[in-house]
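Residue numbers (the working numbering), protein chains in the order written: chain A, 6 to 113; chain B, 11 to 684; chain C, 14 to 113.
These aren't lab readings, by the way, just hints derived from the structure by calculation. None of the values given here were measured: they were computed from a predicted structure. Ideal placement from N, C-alpha and C gives every residue a C-beta, glycine not left out. Just to be clear, a hint being listed does not mean it is correct.
As the list claims (entries may be wrong) - Label-pair distances were calculated between CB atoms; the ranges are: (1) 89/A / 639/B: 44 to 54 Å; (2) 679/B / 89/A: 42 to 52 Å; (3) 641/B / 19/C: 50 to 60 Å; (4) 14/A / 18/C: 45 to 55 Å; (5) 43/A / 670/B: 29 to 39 Å; (6) 73/A / 666/B: 31 to 41 Å.
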Amino acid sequence: MSRPRLKLGPHLAKGVGAIALFVVLAYLVLRTTFPEVVGFPDGVNITASIGYALFNLPGGDVASEGFLAPFEIIDIVLVAALVGAVMLARRRVGGQVAAALRTGGEEE
Amino acid sequence: MSAFDFAPAIPLLPFASFVAILIIGHSAPRILPKGGAIPGSLATGGALLLSLWLLLPVSAGQYHNEVFYSWVAAEETFSLHLGVLIDPLSALMAVIVSLVSFMVFVFSMGYMNDEGETGLPRYYAELSLFSFSMLAFVIADNLLMAFMFFELVGLCSYLLIGFWFREDAPSSAAKKAFLVTRFGDYFFLVGTVGIFAAFGTGRFVAGETEGMRSFPVLAEEALNQGHQILGLAPETAITLLGLAVLGGVVGKSAQFPLHTWLPDAMEGPTPVSALIHAATMVAAGVYLVARMYGFYALSPTALGIIALIGGFTALVAATMGVVKREIKQVLAYSTISQYGYIMLGLGAGGYVAGVFHLTTHAFFKALLFLGAGSVIVAMHHNENMWDMGGLRDKMPVTYYTFLAGSLALAGIFPFAGFWSKDEVLYETLIHGLNDPLLLIAYAFGLVAVFFTGFYTFRMVFLTFHGEPRTDTAADPHPVRWNIKLPLVVLGTLATVAGVINLAPVEKLTGIHLTFLHDWLDGGFEGANAHHYLELLEGVAGYHAASLGALGPAVLSLAVALVGAGLAWRLYNVPDPTEHTAKLGSIQTLLVHNYYQDEYQVWLAEGVTLPLARLADKFDQGVVDGVVNATSSISLLSGSRIKRLQTGVVTNYAALLTLGLVALILIVGIYGGWF
Amino acid sequence: MIPTSYYVLLSVAVFCIGVFGILTRRNALIFLMSVELMLNAANINLVAFSRLFGNLTGQVFSLFVMALAAAEVAIGIGIILVLYRNFNDVDVTKPVTMRW
């Protein structure tokens, strides 16, 4: 039997916090009146506009600020995160870098 | 090049000699000539020449005030600085101090070098530092600088009194001198801070600088306009500040009740005693009163207390001097007594009289101590007068100069001490006729004249007259020129120094002879004898009664002659005997110096020590208890609260969530979202 | 047209589901998934308001959030690996050695 089961128990008590958060936030959202939706004009190509905006290029259907700098920064963050993940995952066995991942997960 | 350009060099020359002797004496004592006496003599001799040069422009009516080095300059008036102030008073005092220091250096060559003392570089270095401190104190232009060098003078006296520190008595005497004067200096410090707080300046004179004021003038203004000082009525505040500073004066000038250190200070080398008593340490106290006389003149209460302390000290010390056996002890009590006279003169409104007596006393007391030093050398360091006798024929130079000093000390016409002591008593009397308090002080002073005459000539007769009572006295050790020269110089001065102010003669003959009055009438605005007289009459309410000068002078001379005559009858016999037993129980009282030491020790052990223990208990129990309780409460609560940090990430998340909910609820309710 | 409050409610619901997961589960991998849910709740919000104001910025930012989520997962997986290596478990309540 490997199908998932709902596990009930006292460990769910902490979830009350999440429910309380939901109640409070939902109450707030329901009480708030949002302004009229402006939306985008019919027939514009939003996806293309996003692409132009990301590279600070003119030509998008919807005008927007440029996001080239954040784009590049995110690039660096991603690379750093990947390198960091590799650093964390590799391990040394007797001074040698062993395989980052092994099957079984047993320690020798 | 004016003489004022060299004014800072007056104290700095002895300082340079101090540094030089210290360094050379430590690294290469062999090349130090005479163990440091030569550089020291040259430095103080140079200081003497510069001081004498200063007299020229000052007598021409030029005065000098200059800030030498300023290390805190806050607002317009407030500044902490070292400055030079040359006016008639400081110029006169600089001459006295450098002259006596120079004489002491020369004399020391005979007293220390020829006697084969060890540790001479240390001795001369400390002596130079002593001269430096006192000269810098004399030319100080503000109260803080005065305080600093006042303390340095105290330190030097500690070092020199304890010069033979390997013996018990000198080192304990040094400690006593230091502690007792420190006790007074504590009040001086309080007064200094108080004056800076009240007036924003510690300057003695306004000087030539624009916008600067001196604190006596500011106090005078506050008094005239009725401004409060430090939240008190101006009269009260000025009296309190004046008395606080007076605490330092009483300690340094060995006035009752802080006089006990001075007789013990005789444990130091005799030239040091001469320096301490005549020119430096003890003179510093009364000089301070004279320096800020414009401040004291505003408070009749403070003046009255000064006069009473002075008169009382003059009498008490003179009675104690009557029974002493050692020559230096007699001189020590005479010093206390004579400084009592100076205080009496200053407190009774005789500013010039006080300064006059300070001047003449410096000469004749230095002379007497150096003469005593000469006798002590001759007697192979036996100081007991009962072992002397008949030295008159063996050492005529010492005898005649010592006699001149004694005649001056006893106040016999026409020696210097007569003129100055007479003027002090005369000023006290004419002001005392309108003020019963001063009249009491005058009575003290007049009775003390009798005792002064008595103990002075008892000392002279026991030492020099009669038959030699021991073998040493019959064949004394000869002394050389370096002991005789200072004696002759000072003996001449002690004889003739009175001519600078022959007030009674002027009154009788009408010839103008009060040169010291003219001298001290000059000076900066608000800091001269003329202004002080106005203050005394206008503010302090002192009024001089009109009285002939001859009567009081003859009276004090007669009293002194009676005292001297009694000594003549009792002790000028070939084989004198002790007469003190006739005094009965009074003798015991006098020999024990009125039990002042015992009483002060009791005060320390019976009152201060339990109080200190109580304070210690309070400190250990309550203060430390509170501190310790605070820390243990913090520790305990910390060890409880840290349980909150479970290390389980879920708990942190739950706390975060609940916190967010609570925050939204609070902000929402107060912000009106709901 | 669907009102904006519906989107926001959806976002709140997804976020709170993520919080619920973090509060009740102990498996570190489930934690990562829950965090992913919360990030995407933010994305829903961004896009909804982008539509509300007719402004492209929100949509571009949701792209950036996705990129950050990728970075976060990369690091998260690395941390879980180290966790497993040191404690032989991925239960987040086990490693408590850094408290106090």
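Here is how each hint holds up against the structure:
One distance hint, 44 to 54 Å for the beta-carbon pair residue 89/A and residue 639/B, holds here, with the actual separation near 49 Å. A beta carbon spacing of about 43 Å between residue 679/B and residue 89/A agrees with the range 42 to 52 Å that was offered as a hint. For the hinted restraint 50 to 60 Å between residue 641/B and residue 19/C, the CB-CB distance of approximately 58 Å keeps it satisfied. Distance hint check for residue 14/A and residue 18/C: the Cβ-Cβ separation is about 35 Å, which falls outside the suggested range of 45 to 55 Å.
A C-beta distance of roughly 30 Å is found between residue 43/A and residue 670/B, which places it inside the suggested range of 29 to 39 Å. Checked against the hint of 31 to 41 Å, the C-beta distance between residue 73/A and residue 666/B comes to roughly 35 Å, which is consistent with it.
Consistency note: the structure conflicts with earlier hint 4 alone.
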